[in-house]
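Asks: What follows is each chain in one-letter form.
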Amino acid sequence: MPSEPRASRDEKSQAVSTLGTAGTKRSARHLLKANAWFVFAFLYVPIVVLVVFSFNDSERVNVWQGLSARWYGEALGNTQVISALRVSLIVAISSTIVSTVLGTAVALALDRYRFKGRRALDGTVYLPIVIPDITMAVMLLVFFAEVFKLIDTIGPRFTLGVTTIALSHIAFNISFVAVVVRARLDQFDRTLEEAARDLYATPWRTFRRVTLPLIAPGIAAGALLALTLSLDDVVISAFTAGPGATTLPVYVFSSIRQGVTPELNAISTLMLTASITLVVASLALQRPRSTTP
Amino acid sequence: MPSLRRAKPAAAQSTDAGPDTPPLLTPAELAAQRRKRRTGTLIATPGALYLLIFFVVPLGLITVYSFATRTSTGRTSLSGWNLNSYERIADDVILGIIARSAWLAFLTTVLCLVVAYPFAYYLATRPPRLRARLLVLVMIPFWTNGLVRIFAIRFLLGSNGPASALSEAMGFGTFRILFTPTAVVLGMVYGFLTFMVLPLYVALERMDWRLVEAARDLYASGAKAFWRVTVPLTRSGIVAGCVLVFVPSFGSYVVPEILGGAKTLLIGSYVARQFQAARNWPLGAALSVLVIVAMLVAVAINQRNSANAERTQGVTR
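Chains P and Z are the protein sequences, given in the same order.
Counting in the numbering used here, the first sequence runs from 1 upward without gaps.
Counting in the numbering used here, the second sequence runs from 1 upward without gaps.
Bound conformation, chain Z alone (with noise of 0.2 angstroms):
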């Protein structure tokens, strides 16, 4: 949700002050200071030593893995260090699963983006009270179990499964397409689609429409005014629900482990299985840190768009 990560409220940044704010300050005022920033230092550290050791520490030993060497048996050993195991990456095969998992991360972001917007739009241009009864449906599957959400799409499509018994029923025969790339896309659509929903929604929302019916006013037509207004207004829900189906379909395990087959696997389950049967921790660890380097290149760019549409918006205001 990138709008919980804006920047902290004008009030905050007033009241506490540091020591660049003018001097002049009485040894009493200047204690008190020091005292809050003692207050302030006892209250974060339980957490933020917690952090340090189960998820800072984390990332800094699988970095460290990542140029380690795989001995013959299997295990790891931390000494020699090389990058052997990123020379690794540009083997055609890991390339190839790398590229087959951006595909498949790239079609469902675009299928959820058409499905999505025009949903999005739907509801945001409901009577408030109707709007907030549809957003409460919309959550409810955000919210519920996804492993059994995509259980469920297993249920569903499976070879002799409810959705294939009706295409007979119907005499279009039966159809196949669990163990494929499609089920892989249409589960993570699935999984997913909440994720650009909302955003779209928020953006939407905010939207000042009497901008809409100032083109319209200029006698610009409809998809005009849709296309040269209103998508440029909501052009930070648009990145940032983008973003946040993108980063998970690439790093999808679940649903490509439930609904693909063999010719769906992707990086999530190749790392996994590195650190699973293949037994080579090093080359799992590189690519982990591929992935959470691309993730952070993502997270970055939603985070300069949403700055941007910060700024856009107190004009628009």
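If we strip away everything but chain P, and leave its shape as in the complex, we get (with noise of 0.2 angstroms):
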């Protein structure tokens, strides 16, 4: 909250401390810290439990035999997976590419100007947020199948793989990276870019030198977002996974409903370690630097 006046922000804050503290009753205070404990309890020990498991050596998933880290070792020379993997970092690089470029540029036309269907668009870039996956999925399938019928009169055979997730994810992650380096741009500062033309820089050095450099945060941001989600689809990847490609999270989801096995435990606690490791680079690049006024 940049805008905020510095002296009454700093008002509030006091009344904060003496409600949130003092002002509140012992037995109200203890409540509310009991509850913060349990939420983080609940958010965390199943994430904890799962992890300490795919330790275990044994067999079976319920019995405690010993540490090893046997079952990362099948994960990891099982065919199957490796080229589940495969297919899931294909998808995440390139539709995160693809759509870090053209929801930049789809939140900077918003941002900055006004033009024909302006509004249409303003509306259309939330809904794949907004959209149920499933609905999302069912809709890309009835899609591809569509188009597939017309390809099929001219003449090559399409079939859905690799290609069809990608163009996929693209379509919901175009929308994310968009609200992301949007949010940025509403907290930039105009007179800067002004200054840029006033010293006569052309429009497109303001954009290089300026701009760029200013919403770069978010722009990483949005990356990391879709990278994120990309890796994380299972509902719209498995619609538009045919049985050539699937992805990890498709593989993982299916062998799930045939039972737990160690094994699992291990993939999903290796995905669980890229995704941790991705909020964490997000979130450090997302934390508001103190140079900006």
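Hints are computed from structural coordinates only; laboratory data are not their basis.
Note that the Cβ used here is the ideal one computed from N, Cα and C, for glycine as well.
Incorrect hints may have been included.
[Claimed, not checked] Heads up, incomplete: computed chain P residues facing chain Z, CB under 10 angstroms, no partners named: (1) Ala28; (2) Tyr44; (3) Arg60; (4) Pro132; (5) Met136; (6) Leu225; (7) Val234; (8) Phe239; (9) Phe253; (10) Leu272; (11) Ser282.
[Claimed, not checked] Label-pair restraints from in silico Cβ distances: (12) Ala102(Z) - Pro243(P): 33 to 43 angstroms; (13) Leu24(Z) - Asp189(P): 24 to 34 angstroms; (14) Ala99(Z) - Ala145(P): 22 to 32 angstroms; (15) Glu194(P) - Leu49(Z): 27 to 37 angstroms; (16) Ser68(P) - Leu137(Z): 26 to 36 angstroms; (17) Pro128(Z) - Ala28(P): 14 to 24 angstroms; (18) Gly80(Z) - Ile93(P): 43 to 53 angstroms; (19) Pro243(P) - Ala262(Z): 19 to 29 angstroms.
The task is to assemble the complex, starting from two chains supplied on their own in separate frames and drawing on the hints.
Replies: Rendered as structure tokens:
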């Protein structure tokens, strides 16, 4: 909240400190604290248990038999897992690159320019975010079925696979990137661009040297979100994946339905590690810099 | 995140003026305006085109499909348009599934609100540095792979999983909640709790606590100040959180598939089935259209609510 005057903010926080602690009753304070501990435990205990049990040596998931990395070896030796991982990475990287470029452009256009169809685009761009996964998935399934029918009449046969998964991921990721970048553009100090123009910088040069560096953290955060979402997605991938190519989450999802295995614990822990690494990276990027006025 | 959808800053509106602004523009200014408009179109086109092809067209297609006919072989015949699929929604079985989905989503929303409000309150009243750290702890599960988190719950609750073993060791006997509606609600609360925490936190953090102080100075009890001042002032956060939890819970597919059983068939899974084994694409399409409309209504409520909140906030500041 950079727009807020300093003094009022301090006053408000002071009110927080008197009311938040001394103002509330002692019992209420204890309850609040207990609830907070409960929520953190609720959020973290299942994950921690899963990670611990992934190092269990036993064939049976419920019997603890001692520490071992055996299931990690089995998981990484499973060719299905490796090929699913390959598909996931190809889809995630390609969809992130394309959606970051397109999403950033959409955000810039919506934030800065008036053009025909601006309102329509403004309304549409949020829809892929709010629409439930399953509806987006079946929409794309129907769409690809129709497109394939069309292509079949011309000649070459196409089937669902890596390409269709990537195309679908771009469709939802554009929206997420656009929203994140636009949030950054919202807090943008326009006078900096005006200053550059006053100093006879061309529009392109102003963009390259002033705008882009300032919104770069927003773009990076958007790209990381796109990468995370692409690596996380199950439903849309499941419906746009073909028999030849599935992503890792789709593989895990269909395996879970057949039962829990120690190997799944190990794969899940690896996926968990990857996504936590991405979160920490993006939180570090989004942290507001003290240099901005 | 409803706050991202806020109206554009006033600066944007004043800099690029449309044709409805007062005349008296020099030809050079007009040319510059036209150039700017062209640049905007140029930048927006690739992304807009992509969304048109891969989102708007599929959206239109599914609507078209919902009026199509299913042939006896399970194919979809795009002729003889009719409302049969919509009429089938009135079927008791399907209405039951919709009612169950709405009921479980409602329970999830209420549970999330009850747990998240005091939690967000606690977060918002911490000193700034601790607050930032706790917020990171909240954000990590929020961004962590959702499938893996639901799998963790599945593993924990499994018939002979760690939770059951613990309760047996403590002498409570085995417990079986996996594949029941309880497990589905638990999983949805686990999956969507952060969607409730974040808007509530934003609302509480932004709130002017001096108003609560004023209420206390005027001899309002703590409870009265809370219900008459704090809750109304954070209404926008409450509504946003409820919408953000209810919408994905209602359309949830992964959670009931992993944690639910035969008795917890929800609309998301039912739609999926129409496109898989049941091969009734028109019915699946009609149900999808219904879900999309319901979701748009929920989002519209949220939009109006956050617009209202902005107005009232302008007053309190």
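Asks: Run every hint past the structure and note whether it holds.
Replies: Evaluation of the provided hints:
1. Ala28: holds (7 angstroms)
2. Tyr44: This hint holds: tyrosine 44(P) lies near chain Z, its Cβ roughly 7 angstroms from the closest one there, short of 10 angstroms.
3. Arg60: holds (8 angstroms)
4. Pro132: Constraint on proline 132(P) satisfied, holds at 3 angstroms.
5. Met136: This interface hint holds because 8 angstroms falls under the 10 angstroms limit.
6. Leu225: Holds, because the Cβ-Cβ distance from leucine 225(P) to chain Z comes to roughly 8 angstroms (cut-off 10 angstroms).
7. Val234: Status holds, d = 5 angstroms.
8. Phe239: holds (7 angstroms)
9. Phe253: At about 6 angstroms, which falls below the 10 angstroms cut-off, the nearest Cβ of chain Z leaves the hint on phenylalanine 253(P) intact, so it holds.
10. Leu272: holds (5 angstroms)
11. Ser282: At about 7 angstroms, which falls below the 10 angstroms cut-off, the nearest Cβ of chain Z leaves the hint on serine 282(P) intact, so it holds.
12. Ala102(Z) - Pro243(P): 33 to 43 angstroms: Given about 35 angstroms between the Cβ atoms, the range holds.
13. Leu24(Z) - Asp189(P): 24 to 34 angstroms: holds (30 angstroms)
14. Ala99(Z) - Ala145(P): 22 to 32 angstroms: holds (31 angstroms)
15. Glu194(P) - Leu49(Z): 27 to 37 angstroms: holds (31 angstroms)
16. Ser68(P) - Leu137(Z): 26 to 36 angstroms: Once the Cβ atoms are compared, 30 angstroms apart, the range 26 to 36 angstroms for leucine 137(Z) and serine 68(P) holds.
17. Pro128(Z) - Ala28(P): 14 to 24 angstroms: With a Cβ separation near 22 angstroms, proline 128(Z) and alanine 28(P) satisfy 14 to 24 angstroms, so the hint holds.
18. Gly80(Z) - Ile93(P): 43 to 53 angstroms: holds (45 angstroms)
19. Pro243(P) - Ala262(Z): 19 to 29 angstroms: Taking Cβ atoms as reference, proline 243(P) and alanine 262(Z) lie about 27 angstroms apart, which means the hint holds.
Every hint, counting from the list given before, is met by this structure.
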